[in-house]
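Colleague: Please take these sequences and the hints and turn them into a complete structure.
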Amino acid sequence: MMVSHSSSMSSSSSLKKKKNPVITSVVVVVVVVEVSLRCCYFVIAVQAFHYFQLLS
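full-length UniProt numbering puts the first residue of the sequence shown at 1, with every later residue one more than the last.
Calculated directly from the structure, the hints in this document are not laboratory data.
Idealized CB from N, CA, C, for every residue including glycine.
Heads up, a few of these hints could be off.
[As the list claims (entries may be wrong)] Using C-beta positions, here's what the derived DEER-type ranges look like:
| hint | residue 1 | residue 2 | range |
| --- | --- | --- | --- |
| 1 | Ser-56 | Thr-24 | 46 to 54 Å |
| 2 | Val-31 | Phe-52 | 46 to 54 Å |
| 3 | Ser-56 | Val-22 | 47 to 55 Å |
| 4 | Ser-25 | Tyr-51 | 32 to 40 Å |
Modeller: Structure follows, in structure tokens:
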């Protein structure tokens, strides 16, 4: 989970060296969406875990 995140961060830093603001902004948006989606998945997983604990 953290491996792909660190690779996306390194790719965004390498794109910033080219100084293309459009590509940099797109990469930043993609990283933000990716992190927010992972937070949503984490919250859903925690809620599902508590739900299954209540059932057992």
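Colleague: None of the hints should be skipped; say for each whether it holds.
Modeller: Hint by hint, here is what the structure shows:
no. : hint                        : result
1   : Ser-56 x Thr-24: 46 to 54 Å : 48 Å, holds
2   : Val-31 x Phe-52: 46 to 54 Å : 32 Å, violated
3   : Ser-56 x Val-22: 47 to 55 Å : 51 Å, holds
4   : Ser-25 x Tyr-51: 32 to 40 Å : 39 Å, holds
Violated hint: 2 only; the structure is consistent with all others.
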